[in-house]
Amino acid sequence: GGCSAPAVKNQDEAMATMGQMKLRQFPPQETMTKAQELQLMIRHPNNSGLQRNPLTQYFIPAHFVQKLSVSQADRLILSMEGGISISEDPNFRFDFTAHGTGQIQVEAIDTDGKVFRNQWPLEVTGL
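Residues 992 to 1118, numbered by my numbering, are exactly what the sequence shown covers, in order.
It should be emphasised that the hints constitute simulated quantities derived from the structure, not laboratory data.
It is possible that some hints are incorrect.
Claimed, not checked - Cross-link-like lysine-lysine pairs, in silico, DSS-like; alpha carbons within 25 Å at most:
id, residue 1, residue 2
1, K1105, K1058
2, K1025, K1013
3, K1058, K1013
When you get a sec, could you build the whole thing from the sequences and use the hints?
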């Protein structure tokens, strides 16, 4: 199954870019509701622990995004507990109703305890 499929990227490249994030904000007129739509992209290998190293055939230890939170102006928008089913370099797309113009803040914590944080200004065009 997918959880044991080999990683698309080489592990050295995945580790070098791990934790990098991008946030895409869609103008409200592109959505069906008045809610703002966001797409969060996170670089992370998200190894399930079921993949094998192609050279040694040993299992690659599990290493994935375990917790994710997205807030706007210190108001929680999204909270998630991850597992082995999260894809390599995952994308999360969701709607929310903005409160003011406070920044979008993201915090991700992986199974090694590494914390990744980023923030972006809220694009208020068309709100």
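Do the hints match the structure? See the list:
Of the supplied pair hints, the one linking K1105 and K1058 holds, its CA atoms being roughly 11 Å apart against a limit of 25 Å. Between K1025 and K1013 the alpha-carbon distance is near 23 Å, which keeps this suggested pair within the 25 Å criterion. Among the hinted pairs, K1058 with K1013 is consistent with the structure: their alpha-carbon atoms are about 17 Å apart, no more than 25 Å.
Hint check: no violations occur; every hint is consistent with the structure.
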